[in-house]
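Protein chains: 2
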Amino acid sequence: MSLIVQKYGGSSVANADRIKNVANRIVNTKKQGNQVVVIVSAMGDSTDDLIELAKQVSPNPPKREMDMLLSTGEQVSISLLAMAIQSMGEKVISLTGAQAGIKTNDFYSKAKIVDIDSNRLKEELDNGNILIVAGFQGINEKNDITTLGRGGSDTTAVALAAALNADSCEIYTDVDGVYSADPRLVKNVKKVNSISYAEMLTLASQGSKVLNPRCVELGQLYNVKIHVRSSFNLNEGTIVQEVDKLEKDRVITGIAHDYDVVKMTIFGIKDQPGIAKTIFKSLADNKVNVRLIAQSSGEFGVNNICFIIDKDSKQDAIETMEKTLIALDGKKIEALDDVACITVVGAGMITNPGVAADVFAVLGDNNINIEMISTSEISVAVVIESKDCERAANLLAQYFEIIDTEL
Amino acid sequence: MSLIVQKYGGSSVANADRIKNVANRIVNTKKQGNQVVVIVSAMGDSTDDLIELAKQVSPNPPKREMDMLLSTGEQVSISLLAMAIQSMGEKVISLTGAQAGIKTNDFYSKAKIVDIDSNRLKEELDNGNILIVAGFQGINEKNDITTLGRGGSDTTAVALAAALNADSCEIYTDVDGVYSADPRLVKNVKKVNSISYAEMLTLASQGSKVLNPRCVELGQLYNVKIHVRSSFNLNEGTIVQEVDKLEKDRVITGIAHDYDVVKMTIFGIKDQPGIAKTIFKSLADNKVNVRLIAQSSGEFGVNNICFIIDKDSKQDAIETMEKTLIALDGKKIEALDDVACITVVGAGMITNPGVAADVFAVLGDNNINIEMISTSEISVAVVIESKDCERAANLLAQYFEIIDTEL
Numbered sequence: 001m002s003l004i005v006q007k008y009g010g011s012s013v014a015n016a017d018r019i020k021n022v023a024n025r026i027v028n029t030k031k032q033g034n035q036v037v038v039i040v041s042a043m044g045d046s047t048d049d050l051i052e053l054a055k056q057v058s059p060n061p062p063k064r065e066m067d068m069l070l071s072t073g074e075q076v077s078i079s080l081l082a083m084a085i086q087s088m089g090e091k092v093i094s095l096t097g098a099q100a101g102i103k104t105n106d107f108y109s110k111a112k113i114v115d116i117d118s119n120r121l122k123e124e125l126d127n128g129n130i131l132i133v134a135g136f137q138g139i140n141e142k143n144d145i146t147t148l149g150r151g152g153s154d155t156t157a158v159a160l161a162a163a164l165n166a167d168s169c170e171i172y173t174d175v176d177g178v179y180s181a182d183p184r185l186v187k188n189v190k191k192v193n194s195i196s197y198a199e200m201l202t203l204a205s206q207g208s209k210v211l212n213p214r215c216v217e218l219g220q221l222y223n224v225k226i227h228v229r230s231s232f233n234l235n236e237g238t239i240v241q242e243v244d245k246l247e248k249d250r251v252i253t254g255i256a257h258d259y260d261v262v263k264m265t266i267f268g269i270k271d272q273p274g275i276a277k278t279i280f281k282s283l284a285d286n287k288v289n290v291r292l293i294a295q296s297s298g299e300f301g302v303n304n305i306c307f308i309i310d311k312d313s314k315q316d317a318i319e320t321m322e323k324t325l326i327a328l329d330g331k332k333i334e335a336l337d338d339v340a341c342i343t344v345v346g347a348g349m350i351t352n353p354g355v356a357a358d359v360f361a362v363l364g365d366n367n368i369n370i371e372m373i374s375t376s377e378i379s380v381a382v383v384i385e386s387k388d389c390e391r392a393a394n395l396l397a398q399y400f401e402i403i404d405t406e407l
Numbered sequence: 001m002s003l004i005v006q007k008y009g010g011s012s013v014a015n016a017d018r019i020k021n022v023a024n025r026i027v028n029t030k031k032q033g034n035q036v037v038v039i040v041s042a043m044g045d046s047t048d049d050l051i052e053l054a055k056q057v058s059p060n061p062p063k064r065e066m067d068m069l070l071s072t073g074e075q076v077s078i079s080l081l082a083m084a085i086q087s088m089g090e091k092v093i094s095l096t097g098a099q100a101g102i103k104t105n106d107f108y109s110k111a112k113i114v115d116i117d118s119n120r121l122k123e124e125l126d127n128g129n130i131l132i133v134a135g136f137q138g139i140n141e142k143n144d145i146t147t148l149g150r151g152g153s154d155t156t157a158v159a160l161a162a163a164l165n166a167d168s169c170e171i172y173t174d175v176d177g178v179y180s181a182d183p184r185l186v187k188n189v190k191k192v193n194s195i196s197y198a199e200m201l202t203l204a205s206q207g208s209k210v211l212n213p214r215c216v217e218l219g220q221l222y223n224v225k226i227h228v229r230s231s232f233n234l235n236e237g238t239i240v241q242e243v244d245k246l247e248k249d250r251v252i253t254g255i256a257h258d259y260d261v262v263k264m265t266i267f268g269i270k271d272q273p274g275i276a277k278t279i280f281k282s283l284a285d286n287k288v289n290v291r292l293i294a295q296s297s298g299e300f301g302v303n304n305i306c307f308i309i310d311k312d313s314k315q316d317a318i319e320t321m322e323k324t325l326i327a328l329d330g331k332k333i334e335a336l337d338d339v340a341c342i343t344v345v346g347a348g349m350i351t352n353p354g355v356a357a358d359v360f361a362v363l364g365d366n367n368i369n370i371e372m373i374s375t376s377e378i379s380v381a382v383v384i385e386s387k388d389c390e391r392a393a394n395l396l397a398q399y400f401e402i403i404d405t406e407l
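So the protein sequences, as listed, match chains Z and C.
Per UniProt numbering, residue 1 is the first one in the first sequence, and the count goes up by one each step.
Per UniProt numbering, residue 1 is the first one in the second sequence, and the count goes up by one each step.
The set of hints was computed from the structure by calculation and includes no laboratory data.
Since we're looking at a predicted model, the values are computed, not measured.
Hints are not guaranteed to be accurate.
Chain copies aren't distinguished; within one or between two, either way the pair holds.
Claimed, not checked - Keeping only pairs whose Cα atoms sit at most 27 Å apart, straight-line, the calculated DSS-like set for lysine-lysine is:
1. K112 x K142
2. K31 x K55
3. K63 x K31
4. K122 x K63
5. K55 x K91
6. K91 x K63
7. K20 x K55
8. K332 x K209
9. K103 x K91
10. K191 x K63
11. K287 x K270
12. K91 x K110
13. K142 x K91
14. K142 x K122
15. K277 x K142
16. K91 x K287
17. K332 x K122
18. K209 x K311
19. K187 x K103
20. K20 x K63
21. K103 x K122
22. K110 x K287
Kindly generate the complete structure, drawing on both the sequences and the hints.
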C-alpha cells in the first residue's frame, strides 16, 4: 500500500462541480489501494473576496487578524471536499492546519513550518480515512492561526509528504507540468519531464510561477519526489527529484523570466571591506527581499553595486537605501522599473563551460543590451530592458533547443 | 473596573458599515473604563450561503464536516470586527471557540458546552485587550470543531459571562428587548423591563424567539444577569434576572405563541401504568422533541394522550407513533397541523390563583375552541386552531393588561 499526497490549488476546487471532479480523482486513487492525504487551497477567488472585506473595515489590518480571516478559505474547501468524498461512500475526515499538527513560527502572513506533529494524521489514516488537510495554514506556540504566504499550500503538501514519508507528492495545477519557459512568452516550448531540485529552485526563484521556491527547497531537504501535473487531465506531468536521476546530457533545462523586478544601483561608495554588509543587512532588516546582486570592480577607489528586488518592495528599498547612502557617504541611488530579469537554468552547465558566453552572444548579436549579469553554477541571469524580454526569451529558447521543433 | 460581556447577532455585523458601528459601541464601552468581552455571530446570511454550498456537493453532509464548514462564518466576523476595533486605536484580539477554551461534548451541530478553560481569556484581558470571541462554536475532546445549534451565540455569551464572573451580559439584537407578546401579532404590546429566568425560559420554550431557552437556563444556573437590547439604538432593554428582584404584583409577564407546532393524539390505549413511558421514550429515542403533554382521565379503561411537537419533527413522530400504536394495541393516531400554541406566562400566577380560569373564560367567551390544555406553576398553555391565534393573543393581552393603553 502506497501513501500518496495530493495537493489541489484554488482553481481545481473553484465551484461545486470542480470539487466533485477532484473528489472523484481522490476516490479513484484510494480505490487503487493507496492511502491518500490531500491538501487543498481556498476555493477560486475566495481569498481575494476576504481581503476585499478586510479593506472595507480597516486601512491596515493587523497580520494576526488577516491570518485568522484568510485561514477560513481553506477551512471551507476542506469541509466541502470531505462532504463530496463522503457522499461517494468513502471514509474521509477534514483537518485544519492546527488539527493536522502543522506548527509554525509566529511570522503572521508568511509563517514557516517548524514542526509537524503527525500523530493524529497517522491515527486517522490507520482508521482507513482519506485525509483532507487545509493548506497554507498552521498554528504557532500561542495556539494562534498563521498562514504560510504565497505558495503556502504547495509547501504544506511537501512538508506533510516528508513528515509521513509518503511515496509521492502530486501537485495538481491548471497546467500540464513545468515548461522550459513560460508558454505565454515563448512559442512551442517543451514540457520538462524531469528536473532537479536545484534547477527547479532557480527557476522558481527567478519568476517561474508553477512551484513556490520554499516548497522545492523543502522537497530537496527531505528528498520528496514532487510530481507537478494538471487536475484537468490524466497526463504525466513533471517530476522534481534528485539530479543523478536526470538526463545527463541536457545543458539547459529552462528559462525563467520576471517583469516584476526593480534594478537598484547605489553609486559612488568606497571600495572597502564591510560596505556590502552594511547595504544588504539594512535591506534585510527592512524585509526587502534581494534577488540578485552584482558588483564589478571599481575605479578610483569607488564602487557601484546593483541588485534586483521585487517590485512591491520598491518603496521600502528606496527609503532604506536613502539612509544607507548618507551613512556610507555615497553619491546617489537609482531605481529602474522598466527592466526584466531572464535566467537560463541548467544543471548541465556545471560540466558545459561557455553557457554564459553563449547567452551573452545570443543577446549581443541581436542588439539586446545587458544591464546587469549574475551567475551561479547552474544559472546565468541577465537584466535587460523589459521591452526586449519576450524577444530575448524566444531567441535563447531557440538557441538552447528547448522548444519543440516538431510542433 | 467592570467586566462587560456583549453579544452581537448576525444582523448587527451584516456588512462593513454595521461592523464599524458595532466596533464603535465596543470601543465606547471600553473607554468608559470597562473590560469588554464580545461574542459575535456570523455575518448576516453567510451561514445560509455556506449551507447552500454544502447542499451542492452532498445530499446529506456529515455533521462533523458541516460544523467545520459553518464555524468559518464566525471566524470571518471576529477577525473583521477585531480589525475595525484595532483601526480605532484600541488593543484587541479575536479568538475562535477553541482558542477561547470553549469545550463541548461531541454532538456535532448541537453540541453542549461542558467546560470553559478561561486561562487565555484572562491572560488577554490582563494584557489590556478587548476580546472578540466566535459564538456558536467550541471544540470537543478530539480537538474537533463543534457548533452549538440554534441560539448558540447567546449561549456562548452567557457561558463566558458565567466563567469570567462578568458584571453584566448584554445580548444585542434587532429589537428593543423582550416584549410581553410578539409585536407583529399583538398591537401596542408593552416591552418588559425585567423578567425572571423561569418566565423567560417558558416564553423562550414556547415560541418567543428573542432568547434561546438554553442560554436562559445557563443564566439561571450561574445567576448571570442578561440584558437584552437593540444594537441600533441606546435604549435600555430587558433584564432577565432572579425573581425576587421583580415587581411582585405583576401577574402576567408575557404571552408566547407558536404556529410551528403539530398536535398529535394517540387514541384508545389502555389505562395502565407504563403506557406514557413507552410512548415518550420511543419519541425521545427518535430525537422528537415533545413540548407539551396532556392526558385526561379515560373512560371504559382506555385513554387518549395528546402532545405537541415541533413541525419539523412531524414525519419522525408519525413513523415512531405508528410502531408504538401497534406495540400498545391502540386504536389510531392523529396529527393536526392547523393548530397554534398560546402560552400565558407569569411568575405571579403562583400567588394569584384563577389565572387559568381567566384564560379559558376569555377564549370561551369569544367562541375560541380549546383543543388541549397544559399548565405549570407559572404558565397556562392552550392549543387552539391556528386561524384563532392572532385574535386570542390580542384578547388575552387586553385582558391581562400587557398592552400599552397610552399608545
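Query raised in the report: Is it within, between, both or neither when you check K63 against K31 at 27 Å Cα-Cα?
Result: Result: close only across copies, 25 Å inter versus 42 Å intra.
Requested in this report: Could you place K91 and K287 in one of the four classes (within, between, both, neither) given a Cα distance threshold of 27 Å?
Outcome: between (45 Å within a copy, 25 Å between copies)
Query raised in the report: Can you tell me if K277 and K142 fall within 27 Å by alpha carbon in one copy, between copies, both or neither?
Result: neither (34 Å within a copy, 50 Å between copies)
Report task. Can you give me the call for K110 and K287, within, between, both or neither, at a CA distance of at most 27 Å? Result -> Answer is within; shortest intra-copy Cα gap is 12 Å, inter-copy 46 Å.
Query raised in the report: Which holds for K122 with K63 at a C-alpha limit of 27 Å: within a copy, between copies, both or neither?
Result: For K122 and K63, the Cα distance is within 27 Å only across copies (23 Å; inside one copy 32 Å).
Query - Alpha-carbon proximity context of K287 and K270, limit 27 Å - result: within (25 Å within a copy, 83 Å between copies)
Query - Same-copy or cross-copy closeness of K191 to K63 [CA-CA at most 27 Å] - result: Result: close neither inside a copy nor across copies, 38 Å intra and 44 Å inter.
Requested in this report: Using 27 Å as the alpha carbon limit, work out where K209 and K311 are close: within a copy, between copies, both or neither.
Outcome: within (16 Å within a copy, 55 Å between copies)
Query - Intra- versus inter-subunit Cα pairing at 27 Å for K332 with K209 - result: The answer is neither: 34 Å in one copy and 70 Å across copies each exceed 27 Å.
Query raised in the report: Is it within, between, both or neither when you check K103 against K91 at 27 Å Cα-Cα?
Result: both (26 Å within a copy, 26 Å between copies)
Query raised in the report: How do K55 and K91 come out at 27 Å by Cα distance, when the copy is not named: within, between, both, or neither?
Result: The answer is between: 19 Å across copies meets 27 Å, while 40 Å in one copy does not.
Query raised in the report: Are the CA atoms of K91 and K110 at most 27 Å apart within a copy, between copies, both, or neither?
Result: between (33 Å within a copy, 23 Å between copies)
The structure is inconsistent with the numbered hints 8, 10, 15, 17, 19, although it conforms to all the rest.
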